[in-house]
Amino acid sequence: MPEQLAYTIEVFLNGLMAGVLYALVALGFVLIYKASGIFNYAQGVMALFAAMTLVGIQNGQVPFAHLINAIFGTDVHKFGWTVHSFLAILLTVIVMIALAWAVQKFVFKHLVGQEPIILFMATIGLAYFLEGVADLMWGSELKALNVCAADGVCLPQGLNMWIDETTFNAFGYGFFIDNLDIVASIVAAILVIGLVMFAQYTKQGRAMRAVADDHQAALSVGVSLNFIWVLVWSLAGFVALVAGIMWGAKSGVQFSLSLIALKALPVLMLGGFTSIPGAIVGGLIIGVGEKLFEFLIGAPFLGGATENWFAYMLALLFLVFRPQGLFGEKIIERV
Amino acid sequence: MKDSADSYQTADGRTIGPVVMEMKNITLRFGGVEAIKDISFDIREGEIRAIIGPNGAGKSSMLNVISGFYVPQEGEVWYKGARRPSMKPYQVAEQGIARTFQNIALFEGMSVLDNVMTGRLPHMNTGLFFQSFWKGKAEREEIENREVAEKIIDFLEIQAIRKTPVARLPYGLKKRVELARALAAEPSILLLDEPMAGMNVEEKEDMSRFILDVNDEFGTTIALIEHDMGVVMDLSDRVVVMDYGKKIGDGTPSEVRNNQDVIDAYLGVAHD
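From first to last, the protein sequence lines stand for chains A and B. Residue numbers for the first sequence follow the numbering used here, so the first one is -12 and each next one is one higher. Residue numbers for the second sequence follow the numbering used here, so the first one is 52 and each next one is one higher.
Bound-form chain B, shown alone (with noise of 0.2 angstroms):
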């Protein structure tokens, strides 16, 4: 076991830092209902994190409580070296954290680029008197903040559709420009819920592509959410398995991929 403030060196080169990120024995209730169960792991600096399970699982709640839109009954968020408090989900991106949901959730009457530009918001302070006037820093900011855009943009290889509002996109454009808003945050932790679902093979291979290349150029810790074994295992470095609420395995592909327990889950136990 790496200690948490340990740097190591991955088979394929990169460097993964320290733990970033670290969830201690989290409860999440809605009701009578127990959706998260006791569940403890971490994050570490620059490393694709996956959490995979069946349906129902629950990895979409633990999601919402890393990014604020649930807050757990029990248990503790630390990020950065700190207990982060309740907060809410504006607060939580403020502070570095991004993401894509499951059914998209784009700004369907905005273009592309505006959509993108969103992302930006928590870099932009100029406060609402000199906005009105757009004229120095104002006209400053937007101008910097916009060339981080069109640098997100062309590296998601989305020029072509600068302009196109976003209702008139398909479905696999609209999850890689759901991509592109959350990237342009230029967040510390980047979560993805199920980017690849729905998709079609080849759209697949792109959006696995787009991810392994986010990691490897901007260093950007992400944390996903599949359903799809085969793509988490080519993709991830390290693995939480959920089923019903609880932690069944956690590890590097291969040894979730041994792990009874999860198998059990996915595959079903032979009863006896």
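Just chain A, same shape as in the assembly (with noise of 0.2 angstroms):
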């Protein structure tokens, strides 16, 4: 294989696996749009406040210990055990459940029939308290994030291992991809197929692309729209903990989290802001397509760092000559 193309495809599939957990934050993005009609600008730290949970819960910190202290004047900050992956990981998705019913009871079922800038006012609110809450709750330093199903059976940490040597060995070029990112896209591709046969198969499923389409509608056929409303503000707090889990352990559980919800706004726009296959090609076309922008043209001719403006610009030429995006609805004015 010439060494050129080889080097190529290793961008390439980079830039895939990139766009992986820019379609996982997208995805979460969706699935409140399709059902509300909420654009919840949140969904980025819920990706945070999710994976502080978890690693805090893992590393038996106690919640608000800073606050318990200063208020009690006692100085405890860890329970002394530590919590198994597995269990950690569903005390999260409980806490998740929890978040969505309470932003549903306190805020949004407060702001039914409001403007859309309004509830999109709501979210801005809603992130910037989270985040406050999450520094409360598990303080403000850098964690590392280590999820193991057994001893040495563990999610690989980011830039960490490559499966250059074995396909090295098989093809006779080293590929640098990341063993994270390859676990992520797996993880990814069974969510995403869990969550489609969800929607289409079972009950709730059906409930819920009943009130994407037709509020009034469902409300006749004896569909809560209260019930469906928590119910998909769960499944993205479930989208946000594993895309939380996944950049957690790329780049280590930080504050910086919450801006990936910016990079999953030109996904938004490619993909359309209301299909799940659309949050998903759209995630891996921007990319692929910032991967080969930079190494092609960027770095060679534009001095590089066009990764910071090239999904953003490839969005504004989307919004110029498809407002509707690649998969999302049709946009038909009847006159």
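These are calculated hints, taken from the structure and not from any lab test. Since the model is a prediction, treat every value here as computed from it, not as a measurement. Among the hints, a few may not be true.
[Unchecked claim] BS3-like mimics (lysine-lysine), calculated; alpha carbons at most 25 angstroms apart, straight line: (1) B/225 - A/21; (2) B/214 - B/186; (3) B/131 - B/214; (4) A/130 - A/65; (5) B/139 - A/96; (6) B/214 - A/21; (7) B/88 - B/131; (8) A/21 - B/139; (9) B/202 - B/225; (10) B/75 - B/88; (11) B/139 - B/75; (12) A/92 - B/139; (13) B/139 - B/202; (14) B/139 - B/88; (15) B/214 - B/225.
Join these two chains into a complex; the hints should help.
Written as structure tokens, this is what we have:
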């Protein structure tokens, strides 16, 4: 295999893997937007919150330790135990469901029928509130995230292990592809298939699709909008947890994690806000596009660092020429 | 006047049962506008009950009160012998009151079969946990309900379009799919909001036939709103006539037809 071609393939594959992570975040947006028309700016912070909660539970951290110590003059920081990853994930899922319930109960239940911009502002408020709660609960220092099924069987850490040796032996060229990215892709694929099956074949999935399609009609067949909204926020919380684990394993759990939400925006412009396959394909296109652009044009001709703006430029082009995205519902205005 | 607990036979041999729903002194306001003014009437089991009136008479508002979409400021709704507390539309649906909409509210992105299956949702009560694994109870429940849905689809003669996405169907068929979805709930009361609006003569005849068949075959109580006087008079057992939010007539089609207020409302009053 010629060196140049192999290198291009490697860049392509790396882009695909990065795209999977973008797609994961975008998926959370689509779930909520489809069912309620709310553009959830807090999706990125939810990923951060989920990852911090997971690490906190794993390490046996006392939640709100600073607050408790300040009020009661105590000095507690840790329970002194560690929790198995599976149990910790399960507990985090429960926390995310509770969060979904609280968000619906205390915020969006009172905003039913409001303008989209008001709902959007509410999610911005939610984002900062949640960020504050995460800080207060678990502290703001950078944490490493280790998820292990058993001793030694762990989610690979990012930028640590590559499959270069294996592929070198097989193809005569060592592909530098992060092991974590491969795991993340598999997990994302399972997650998407699971979500689609849930939506297609279960009673609640059918109700969910009904609500996404027509609120009035859904009410008339006995679907509680409130229940469905809690359900989609829970699902989005679960997706956020998966995204948080993957990003956390890649670059540590830190507050900049919440900014990945911004990277999901161009993905949504491409894929359309209402399409689950769109979120996946959009994520992959952005991931591959920005890596290939950087490699083929950015680095040699433009002085590099094009990855920072390429996605947004692509989104802008889409907005001009195909505003509903690749798979979004077509906008037809009847006159 | 028959007693509300009595049953009686119609001329064509159907049995009309006791009162299943009673509206008592319903008043509904939007801001300063009174859409419904102090209206009372009842619906008996197994009958076809029509609400008619000119445009803006408050017919649709009345249907929305029955189905829980609007909450009246005054008055009581009695259902199956008990006063119905204020509830959400989905709770009303769970109680066995299904409806269609004047402007068709189907799930456009879903297939006809999926749309009809949503009508079965109140009959499916497996929890989220078991549904997620889709085995045992969830699977059995899906099969049972699928059978009911298929029966309704056969009955309304829409087998040929079972798998078609609703968005692709012509208007007349959409109306029929909406009826199928409401019927799939096996409702105690079926509410039809202008089932024949915008239809041509042939489609109207089809729809009338289906409404009569549904009532005959399943004994479903039907309350419908219609514009078209002729159709209503042929279909219904009893008719409520509304005008400007008030009830101006109530009785059998022939009684209503000869009511002077009704004639005035429809044909206009001669001003002297």
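Now the hints, each set against the structure:
no.: 1; hint: B/225 - A/21; result: holds (23 angstroms)
no.: 2; hint: B/214 - B/186; result: holds (24 angstroms)
no.: 3; hint: B/131 - B/214; result: violated (37 angstroms)
no.: 4; hint: A/130 - A/65; result: holds (15 angstroms)
no.: 5; hint: B/139 - A/96; result: holds (14 angstroms)
no.: 6; hint: B/214 - A/21; result: holds (23 angstroms)
no.: 7; hint: B/88 - B/131; result: holds (24 angstroms)
no.: 8; hint: A/21 - B/139; result: holds (22 angstroms)
no.: 9; hint: B/202 - B/225; result: holds (18 angstroms)
no.: 10; hint: B/75 - B/88; result: holds (11 angstroms)
no.: 11; hint: B/139 - B/75; result: holds (19 angstroms)
no.: 12; hint: A/92 - B/139; result: holds (16 angstroms)
no.: 13; hint: B/139 - B/202; result: violated (29 angstroms)
no.: 14; hint: B/139 - B/88; result: holds (22 angstroms)
no.: 15; hint: B/214 - B/225; result: holds (13 angstroms)
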